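Asks: The chain contents come next:
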Amino acid sequence: MKASGKTVLNFLADNYIFIEQVFGIAKSNNFFIPHEILEAKCLQFEIAIEKLASYRIVQVLGDGNYELNKRFSDFLAFLLDDFRLDLPESIKKYQQSIAQIFTQLCETEETSKQEDLANGLVSEIQEFTLQIHANTHSLYDQAMELKSNKKQIDYVDKVKKAGHLVKNYIKPLNDILNKEDPQALIRQLYKVSDFANLQRHNVQDLLLRKQFEKLYQHVAYANEEILKNIALITKELTPLLERIRTESLVLTGVNEILLKARKGKIDWKVGLQRGKRPGVYASNFELDVKVLVENAFRQQPMIIIPDGVADDNWIFDKDAYKEVLLQQLPVKNFFQWCFEQLQKEEADLKAEKFYILSALLFEKEIRAEFQKTEKFTIDLADYELQVPVVSVEVNPSTQEN
Amino acid sequence: MHYPEYHKQLVNDLLEGKFILWSDHQLFTSLKKNKDFYAEFFQETYGYELIIRNEYAYLTSDDTDEKLSRNFTVFLAIVCYELSQNSENFKEKLEFGEFTTDEILLYLESPTFSELVSELGILENDLNRFLKQLARRNLLQYTDKEQYKFRFTKAIDLFLTLAEVVAHEKMQEMDQTES
Chain E
1 MKASGKTVLN FLADNYIFIE QVFGIAKSNN FFIPHEILEA KCLQFEIAIE
51 KLASYRIVQV LGDGNYELNK RFSDFLAFLL DDFRLDLPES IKKYQQSIAQ
101 IFTQLCETEE TSKQEDLANG LVSEIQEFTL QIHANTHSLY DQAMELKSNK
151 KQIDYVDKVK KAGHLVKNYI KPLNDILNKE DPQALIRQLY KVSDFANLQR
201 HNVQDLLLRK QFEKLYQHVA YANEEILKNI ALITKELTPL LERIRTESLV
251 LTGVNEILLK ARKGKIDWKV GLQRGKRPGV YASNFELDVK VLVENAFRQQ
301 PMIIIPDGVA DDNWIFDKDA YKEVLLQQLP VKNFFQWCFE QLQKEEADLK
351 AEKFYILSAL LFEKEIRAEF QKTEKFTIDL ADYELQVPVV SVEVNPSTQE
401 N
Chain D
1 MHYPEYHKQL VNDLLEGKFI LWSDHQLFTS LKKNKDFYAE FFQETYGYEL
51 IIRNEYAYLT SDDTDEKLSR NFTVFLAIVC YELSQNSENF KEKLEFGEFT
101 TDEILLYLES PTFSELVSEL GILENDLNRF LKQLARRNLL QYTDKEQYKF
151 RFTKAIDLFL TLAEVVAHEK MQEMDQTES
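Protein sequences, first through last, are from chains E and D.
Going left to right, the first sequence walks through residues 1 to 401 as the numbering used here numbers them.
Going left to right, the second sequence walks through residues 1 to 179 as the numbering used here numbers them.
Everything labelled a hint here was simulated from the structure, so no lab data went into it.
One or more of the hints may lead you astray.
Some, not all, of what chain E presents toward chain D, calculated at C-beta under 7 Å [said to hold, decoys possible]:
#1 Leu249
#2 Val250
#3 Gly253
#4 Val254
#5 Leu258
#6 Leu259
#7 Arg262
Computed from a prediction, not measured in an experiment: that's the story for all the values here.
We treat Cβ as the ideally placed atom computed from N, Cα and C, and that holds for glycine.
Produce the complete structure using the sequences and hints provided.
Replies: In structure tokens form, the structure reads like this:
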């Protein structure tokens with residue numbers, strides 16, 4: 001015997017959590033429910049599985065599994081504000097059906113047919129409005145789920161999912177609702193609204209006039225609903241998904257960069273300038289050399305090492321540096337050599353240390369030769385020095401001794 | 001010959017590897033108004049390419065062994081990673097947020113990255129030196145006299161775009177493997 005509506009409604013109210021969970025299972029599985037899962041759920045809530053079939057909440061399929069009844073799934077989706085994401089094509093079909101019915105309504109003069117067509121138009125507009133609402137909210141839920149990333153999907157999948165939603169759902173939905181497009185459904189609705197507005201005042205037949213009044217009000221509500229949804233799509237949903245997409249994209253790149261960097265495979269560079277000016281000969285060339293030499297001499301006696309420890313723990317071990325230099329002689333560019341020696345120890349080298357080491361130039365074992373026409377830049381942490389190229393070699397006079 | 005306004009400063013700044021920022025309106029506008037002249041000038045004189053984006057401009061060349069852009073990319077990647085791990089909206093923080101040197105030091109010294117940071121020589125015992133180098137290039141701007149707090153400039157978009165390019169490459173690679 002068929003259960004009464006009241007019995008079914010009471011069952012739904014008494015077992016609300018159970019129904020909510022069954023709906024969740026069915027929704028995630030394209031509205032199919034495997035037998036063993038429904039059986040386990042029924043056992044958990046102590047509900048007879050047969051009751052669900054007898055109330056026509058589920059349909060038993062040939063293979064013994066179940067399907068949630070379409071009427072119930074629509075009702076529950078509405079009740080729980082939890083809609084399935086429909087393809088834009090399923091919304092676009094209303095564009096055609098509304099246009100067709102409207103054309104017929106404009107052309108017919110038969111009152112009863114006009115009533116039927118106006119009714120049909122109301123029904124189509126109602127469904128269209130509901131579907132727009134359902135899809136927008138479903139998209140919003142999916143975007144929020146993607147943002148919170150409860151399922152812990154990786155960044156690459158987030159980029160793909162966000163891109164997929166924008167490309168396949170948001171953009172087509174936006175196109176359907178875009179009033180700039182002459183073919184857009186919203187423009188069609190404006191025409192229906194103008195027509196219904198005229199008819200609700202002009203038609204003689206009272207019933208038909210009421211029908212047009214109803215149509216006019218529905219179109220007004222539909223327009224309002226569309227505007228709300230457009231605002232949600234353009235102001236919230238699109239920027240949110242775009243942000244998720246770009247953020248995930250950057251983080252995908254970030255992870256890849258760090259991975260490659262760890263493997264020593266970072267071979268890219270922007271190719272920025274090094275901060276050096278091009279080698280231009282200074283007008284005060286000789287003066288520069290003089291200052292450098294004077295500084296070198298002046299710095300030497302100024303090495304005061306309190307308790308044997310220099311500033312930032314650097315002790316100038318003259319003998320050690322000298323030995324290295326003597327081993328490497330001849331050196332074509334003495335100042336470059338000094339710079340490289342010190343930079344091995346410290347990347348951001350300061351002028352003070354550079355001057356101290358430069359004093360090796362005046363050791364008696366070394367003979368220096370200035371290349372008057374050549375000059376280059378030493379880029380130190382606190383100064384950019386223009387220095388001459390000075391080649392050094394073993395002083396033959398000291399060797400003879 | 002009449003040279004564009006701020007010519008000397010523009011040439012000097014760009015040759016020193018600085019980013020010219022849109023926020024420095026006078027310099028940026030002069031550069032943008034005379035972009036053809038400067039593109040040719042740098043190409044013909046130094047063989048450098050002048051890149052002008054909406055928010056910044058810089059010189060680039062294939063013939064350089066600079067390491068700063070590589071180090072900065074890794075540095076920024078670490079900051080992004082750590083921010084996202086802390087559930088922060090990292091893009092918003094990078095664009096509008098203020099950082100302290102201590103906060104950055106914490107990220108760089110995290111066990112996940114300390115080895116990498118040391119290998120690349122980003123810290124070299126002193127984060128401040130690295131940050132000052134970035135400030136000189138207009139990649140960040142200090143917001144206090146003590147040079148303890150700073151904000152990144154719009155020039156970092158160049159490096160975030162690089163991350164996007166790397167991501168696209170990775171995704172293409174994955175798609176090819178799947179197919």
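Asks: State for each hint whether it applies.
Replies: Against the structure, the hints come out as follows:
Evaluation of the Leu249(E) hint against chain D yields a held restraint, the C-beta minimum of about 5 Å falling below 7 Å. Below 7 Å, beta-carbon pairs count as interface contacts, and Val250(E) has one with chain D at about 5 Å; its hint therefore holds. For the restraint placing Gly253(E) at the interface with chain D, the shortest Cβ-Cβ distance is roughly 3 Å, inside the 7 Å limit, so the hint holds. Taking 7 Å as the C-beta contact cut-off toward chain D, the hint placing Val254(E) at the interface holds, the least distance being around 4 Å.
The interface hint given for Leu258(E) is met, as the beta carbon of that residue sits about 5 Å from the closest beta carbon of chain D, less than 7 Å. Here the hint on Leu259(E) is broken, as its CB sits about 9 Å from the closest CB of chain D, past 7 Å. Of the supplied interface hints, the one on Arg262(E) holds, with its beta-carbon coming within about 6 Å of a beta-carbon of chain D, less than 7 Å.
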